[in-house]
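Take the sequences, apply the hints, and build the full model.
For the protein sequence lines, the chains are S and X, in the order given.
Just so we're aligned: the first sequence equals residues 1 to 209 in full-length UniProt numbering.
Just so we're aligned: the second sequence equals residues 1 to 676 in full-length UniProt numbering.
Read the hints as simulated data drawn from the structure, not as lab findings.
All residues carry an ideal CB built from backbone N, CA and C; glycine is no exception.
Treat the hints loosely; a few may be bogus.
What the hints assert, rightly or not - Among chain X residues calculated to face chain S with C-beta under 8 Å, some are:
(1) Ile192
(2) Arg245
(3) Asp254
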Amino acid sequence: MTATGEWVPIRPVGPAPPHGKPPSGRTPAWWGMVLFITTEATIFACLLGSYFYIRFSTAGPWPPGGIKDPELSKPLIMTVLLLSSSGPMVWADLAVRRGRTAQLRAGLASTLALGAAFLGLQATEYATKLGEFVWSTNVYGSLFYVITGFHGLHVIVGLVMLVFATIAALAGKLGSRHHERVRLVAFYWHFVDAVWITILFTIYLSPHL
Amino acid sequence: MSIDNATHAYGVAEETAGGRVGRHWPEEHGLRAWVTTVDHKRIGRRYLVTAAVFFALAGLDATALRTQLITPNGELLTPEAYNQLFTLHGTAMIFLFATPMSFGFGNFLLPLMLGTRDMAFPRLNAFTYWVFTFAGVILFASLLFGRAPNGGWFAYVPLTGPKYQPGINMDVYSLGLLFLGVSTTSGSINFIATALKLRAPGMTLNRVPIFVWALVVTAFLLIFALPPLNTANAMLFLDRRFGTRFFQPEAGGDVVLWQHLFWLFGHPDVYIIVLPALGIVSAIIPVFSRRPIMAYPLLVLAMVAVGIISFGVWVHHMFAVGLPQLSLTFFSAASMIVTVPSGIQMFAWLGTMLTGRVVLGVPMLWAMGFLVVFVTGGVTGVMFGIVPFDQQVTDSYFVVAHFHYVLFGGAVFPLIGGVFYWWPKMTGRLTGVRGGRWSFWLVFAGFNLTFFPMHISGLLGMPRRVYTYPGGLDWDLWNLLSSLGAYLLLAGLLVTLGTFAHSLWKGGQAPPDPWGGETLEWATASPPHPYNFPVIPTVHSVHPLWDQGSLDSFAEGARSRDRVLAEGHELLVTSELDAEPEVALEMPEHTPVPFVTAVSLFLAVLGLLLGVYVLAVAAGVVAVLVIGRWLWPRWSRREAGHAPGEKARETAEQDAAAEREAEKKTEKAGEKGAGA
Ligand code: HEM
Ligand SMILES: [Cu+2]
Numbered sequence: 001m002t003a004t005g006e007w008v009p010i011r012p013v014g015p016a017p018p019h020g021k022p023p024s025g026r027t028p029a030w031w032g033m034v035l036f037i038t039t040e041a042t043i044f045a046c047l048l049g050s051y052f053y054i055r056f057s058t059a060g061p062w063p064p065g066g067i068k069d070p071e072l073s074k075p076l077i078m079t080v081l082l083l084s085s086s087g088p089m090v091w092a093d094l095a096v097r098r099g100r101t102a103q104l105r106a107g108l109a110s111t112l113a114l115g116a117a118f119l120g121l122q123a124t125e126y127a128t129k130l131g132e133f134v135w136s137t138n139v140y141g142s143l144f145y146v147i148t149g150f151h152g153l154h155v156i157v158g159l160v161m162l163v164f165a166t167i168a169a170l171a172g173k174l175g176s177r178h179h180e181r182v183r184l185v186a187f188y189w190h191f192v193d194a195v196w197i198t199i200l201f202t203i204y205l206s207p208h209l
Numbered sequence: 001m002s003i004d005n006a007t008h009a010y011g012v013a014e015e016t017a018g019g020r021v022g023r024h025w026p027e028e029h030g031l032r033a034w035v036t037t038v039d040h041k042r043i044g045r046r047y048l049v050t051a052a053v054f055f056a057l058a059g060l061d062a063t064a065l066r067t068q069l070i071t072p073n074g075e076l077l078t079p080e081a082y083n084q085l086f087t088l089h090g091t092a093m094i095f096l097f098a099t100p101m102s103f104g105f106g107n108f109l110l111p112l113m114l115g116t117r118d119m120a121f122p123r124l125n126a127f128t129y130w131v132f133t134f135a136g137v138i139l140f141a142s143l144l145f146g147r148a149p150n151g152g153w154f155a156y157v158p159l160t161g162p163k164y165q166p167g168i169n170m171d172v173y174s175l176g177l178l179f180l181g182v183s184t185t186s187g188s189i190n191f192i193a194t195a196l197k198l199r200a201p202g203m204t205l206n207r208v209p210i211f212v213w214a215l216v217v218t219a220f221l222l223i224f225a226l227p228p229l230n231t232a233n234a235m236l237f238l239d240r241r242f243g244t245r246f247f248q249p250e251a252g253g254d255v256v257l258w259q260h261l262f263w264l265f266g267h268p269d270v271y272i273i274v275l276p277a278l279g280i281v282s283a284i285i286p287v288f289s290r291r292p293i294m295a296y297p298l299l300v301l302a303m304v305a306v307g308i309i310s311f312g313v314w315v316h317h318m319f320a321v322g323l324p325q326l327s328l329t330f331f332s333a334a335s336m337i338v339t340v341p342s343g344i345q346m347f348a349w350l351g352t353m354l355t356g357r358v359v360l361g362v363p364m365l366w367a368m369g370f371l372v373v374f375v376t377g378g379v380t381g382v383m384f385g386i387v388p389f390d391q392q393v394t395d396s397y398f399v400v401a402h403f404h405y406v407l408f409g410g411a412v413f414p415l416i417g418g419v420f421y422w423w424p425k426m427t428g429r430l431t432g433v434r435g436g437r438w439s440f441w442l443v444f445a446g447f448n449l450t451f452f453p454m455h456i457s458g459l460l461g462m463p464r465r466v467y468t469y470p471g472g473l474d475w476d477l478w479n480l481l482s483s484l485g486a487y488l489l490l491a492g493l494l495v496t497l498g499t500f501a502h503s504l505w506k507g508g509q510a511p512p513d514p515w516g517g518e519t520l521e522w523a524t525a526s527p528p529h530p531y532n533f534p535v536i537p538t539v540h541s542v543h544p545l546w547d548q549g550s551l552d553s554f555a556e557g558a559r560s561r562d563r564v565l566a567e568g569h570e571l572l573v574t575s576e577l578d579a580e581p582e583v584a585l586e587m588p589e590h591t592p593v594p595f596v597t598a599v600s601l602f603l604a605v606l607g608l609l610l611g612v613y614v615l616a617v618a619a620g621v622v623a624v625l626v627i628g629r630w631l632w633p634r635w636s637r638r639e640a641g642h643a644p645g646e647k648a649r650e651t652a653e654q655d656a657a658a659e660r661e662a663e664k665k666t667e668k669a670g671e672k673g674a675g676a
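Shown next as structure tokens:
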């Protein structure tokens, strides 16, 4: 969690700039979210690094222990769902800064729906996989479930943030002067999407190479 | 108008604006205030005290170890107790003392040195403190139940895996450190955001105090170094508790993976511990040499360079593991490069002292003690960088000697020096010089007597982490000396403690600027008011209190609405690179929310640790709800009161009157200054 404090600019200070708009740089909360995402991205890098480390120090076939290469069709659909969810998020972010609350709510709701659909598909994927191997089967099982599960957890956190933003929007707490929380949630959501691409490549595509 | 020193600058600012600003920054008292405060100074002091308590506990641990080893075949401790004590000693010193102590300084000093009124995220700051304390409680409390971590501070698998270490001990380690990581990460983010956005106007990047640079580099190191540690600990916990196979070769896992992840954190951690301390030394040396620091840009670059290089040398901790020869050569060479930036720093300090007029105050003694001890540790460090030498002495007492020279010399000496230096600012009291001198010389002698003989016993083949040893191996004398040294060191630390206690009890009242300091914290009251600066200064150089323009800005600013910010609980936000003023922000005030969040996370961790998963889930849900409450958008006070009520109008009138008054006063103060 990052601290989005009460980052409501009270008033600009200093001489008014020539073009009339008050100067407004990045807020501390903006930096807070960026740094939080940076450290989170490093955790994913460590997990994927561990995957490749173990893969390349393992003799014999990969995945080991007679586990089949991962199926691609479902993960590809999941990818489409998750990536397309970034669109309405951008739209919602634009909306709130112009004070269009209806558009904001619609954007947040569509992002929520797409994210939830992703999780639903992941659940059905787990249901089939669990029949084949579990995370204590061997190290491949551990890597598979922990990496995809950790990402799934991030999707859940992102969804909680979206629900939070939606409630705030419905309560009329967000508007053209109070739009930063939407932007920060959007950052996090785009990050969760981007990480998925690296996971898709590592877990699903790379064994086929 | 002309203001001649920091005390005068503070006096003028306080007289003209203190009353107006103070209305919005009330002093808080009582138990409730103690739990709910978000004041960076109170949190900083609390961090320092808590970290010092953990230092004392871990130090007593070590005293028990040395007592066990004072003669061959000692019988004070069982092997199992010895394992727990040395593991807890190392883990606590590294994680619960060194970094939190630096964070305490950072919390207290960052806003003061930057010329602002609080940290960027005050509530996160309180949260950070509570989580740190609870994590410390978990780790130390485990000792009471005989369940403290017992696999060494770097917890190598397979020894710490489920097969060889079935108890709960290593779960305390992995969960405790994961929990602590939440605190350390949040703290780092807070430091960086504060240093980027809250600097006083004019404090461009090349005017940022070195201590702040050091802390910011440290925070960046943590942002990138904690993830590998957290990843490794999470894998270890899952392996131990839920049956994953990351570190189990029989199921395809890999034990060396742990070592890579751990040292990918562990080597940068050396700099995470040492850099803030170097920042403290860089703050003390110029003030006690009565001249600005030499080669400021090089010094800053050296710190950044050390930080970056530290991510590329972790394998030197694994020279004896059996990795390919080529990689050993590479990492050996890379390790040698660190000597270049370290040398630059050393020469900058020596040059400052040689070309200045050194005043041997107590803080300076500690800084110079640091130089001597740290260089010794650096020399043995370079020896370790050479692969064949490392393979000879690895896991011997030579290693123990080396890293205590680096960590005790590199961190404890500067940290204690820093406490002496900033004590008047933190408490409003002066410390006795005689007590300070005694404490330094006793600790210095005790330290060397404890750790120098370990070089020799190490070269004579004594392995580390043995709970006892047979007589007649030529180790007896060196161990006896070490143990006696530990008692002397303990005595020295007690004298240090006594000096501080005496100061609290009977020390003289401290003026705002007892040392003739160069950075902004000395232009505040001792101890500072909740708002720190009645007038936000404008900074014209890297040593603002030694230049006329910055001093004058304390009086000039008193007439400007944007430098006094007396309309609410506000501070000034400036741009990242040039520190151009951007907006005034209203800051959050005291609240129980951070404490409640930390408590619920604490319960969640306890639930996980003890296997009460219902508790873990329930407490986790509570934490999420409380965080939701924390982040719930609120209208700022001014927006809420669209039509200014009776109260608001009154305040506005008072403000206007005060402003007129202020103008008169600054004019008078200016005349006074000019006449003097
Ligand atoms: C207060 C005075 C101190 C004394 C008397 C002391 C003594 C010792 C001794 C005797 C050991 C070796 C135990 C063994 O290998 O059997 C040890 C280990 C260690 N010490 Fe200290 N120490 C002190 C302060 C510190 C400080 C300030 C730090 C770090 C900031 C530190 C960090 C460590 C670490 C990391 C270990 C290794 C633990 C392990 O092997 O897992 N010590 N200490
Ligand atoms: Cu190292």
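Here is what the structure says about each hint:
1. Ile192: Holds, about 6 Å.
2. Arg245: Holds - the Cβ of Arg245(X) comes within 8 Å of chain S, reaching about 5 Å at its closest.
3. Asp254: At about 6 Å, which falls below the 8 Å cut-off, the nearest Cβ of chain S leaves the hint on Asp254(X) intact, so it holds.
The earlier numbered hints are all upheld by this structure, with none contradicted.
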